[in-house]
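Participant: As a plain string of letters, each chain reads:
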Amino acid sequence: MAELTSFSFSAGDSLLHRLDARFKIIFIIFLTLVSLNVYFRGLGFLTFILLGAVFYARLPFDSGLKELRYFLILLFLIFLARVLSTHGVPIIDLKYFSVSMEGIYSGILVCWRLALIVILGFAFISTTPPSAIKAAVQWFLKPVPFIPEKKVAIMMGLILRFVPVILDQARETAEAQKARAVENRKNPVYRLTKFGFPLINRTFQRADDLVVAMEARAFTENRRDPELIAHKQDWMALIAVGCLCVSVLLLSS
Amino acid sequence: MKNSNQLRMIVFASLLAALMAAGAYLAIPIGPVPIVLQNMFVFLAGLLLGSRWGLASVGVYLLTGACGLPVFAGGLGGIGRIVGPTGGYLIGYLPAVFIVGYISGKSTTRIGRDVLAMICGTIVLYACGVTWLKTLTGMTWSKTLIVGMYPFLVGDALKIAAAAVIARALRPIIGKGLRQ
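Going line by line, the protein sequences match chains H and L. Residue 220 in the numbering used here sits at position 220 of the first sequence, and the numbers go up by one each step. Adding 1000 to a residue's 1-based position in the second sequence gives its number in the numbering used here.
The reader is advised that the hints may include incorrect statements.
[Unchecked claim] Lysine-lysine pairs mimicking DSBU-like chemistry, simulated, CA-CA at most 35 Å apart:
1. H/194 with H/66
2. H/66 with L/1134
3. L/1143 with H/66
[Stated by the list, open to error] Rough simulated footprint, nothing fancy, chain H against chain L, three-plus residues with beta-carbon under 8 Å:
4. 1036–1050
5. 1082–1088
6. 1096–1102
7. 1120–1127
8. 1163–1171
These aren't lab readings, by the way, just hints derived from the structure by calculation. Note that the coordinates shown come from a computational prediction; the quantities given were computed from them, not determined experimentally. We treat Cβ as the ideally placed atom computed from N, Cα and C, and that holds for glycine.
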């Protein structure tokens, strides 16, 4: 089976792994909002605590870095764009562009915030199994009107199951095309359609089989919801994160 | 049977959302810039499923990514991607798919209407994406357009043409499943 990415849940028994997924989502939202509103001192403090948590939970940080390298390139481009487009007192003045202290300052600030948010996401995915994330999303959507939370949860589960099937099918289709020397064709629309049509047609047929299989097994939406229990440590963590947010905000104001 | 139809739409909408996720990794090497298939699948979701289910498909895809499951390009999901520089394009998929589905309507044969729908969708998509990219990076409008729009336009035209052909060929097959 084709894998989308090596970057995913890794089993463990640290505090981060044991926390309730619902609480972890709340923490991420809090910390993201805080990190968008603080400056260097606050960001440094948050990064210190976050990296401490990542190393404490023994997350696979090196494989995480490997996945992050494209993101780092993107960050560097944003940094350059910020540096070159912000006006201020120039330090280096070349003929066409100048580099100012203000530009470097705002570039580092934006990149640091984005990197922090991505590390938050990394810590969340690698400590939470997909089924727990699905259950937490279902729980959060329950009070929202007009959104059928059970259907959404079913669809999320189906997406994760379909992706490896599609990637397998795509590899097969690409090999079949190579065998027929389609890559020698100059017309790009011809190549796109000859790749897209069999891929979608076959995956749709598989999906159709799946519908029949689900109906044959008397599929119904009214299943028992996954159980989510908040323990004492979850509430303790909530208080701790709340204190952290307030203190970081006070520190940087 | 209404119930059976609904289950079929749920599965098809999930399938197209999964195609969007996989589409970020499927590229056809043509010319210097490889053509990434993700937005072709977004357009196909609008054309094949209609505005309502297309919107559901994209919405669940974004939600899955925002929760941190690895469905966005580059493998790394999380709310950071939606807040990040390319997030405007992701959010832009929502209005884009709705407009594509709405304009193309229930037409089965009119290919011109499909193409018009997808052109409108592309305009909405870039309006969201480029505005967000400009806000985040602080570049001027002309620079943002050079980085975030012009290089992709040729590829988009090819994808619209291909999506129109694929949708016309696929509609009878999917429609047959739905009418049963």
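Participant: Confirm or reject each hint.
Facilitator: The hints, checked one at a time:
1. H/194 with H/66: Holds, at about 34 Å.
2. H/66 with L/1134: 28 Å, holds
3. L/1143 with H/66: 30 Å, holds
4. 1036–1050: holds (count 3)
5. 1082–1088: n = 4 at 8 Å, threshold three: holds.
6. 1096–1102: Our answer is that it is violated, as 0 residues pass the Cβ test (under 8 Å) against chain H, missing three.
7. 1120–1127: violated (count 0)
8. 1163–1171: holds (count 5)
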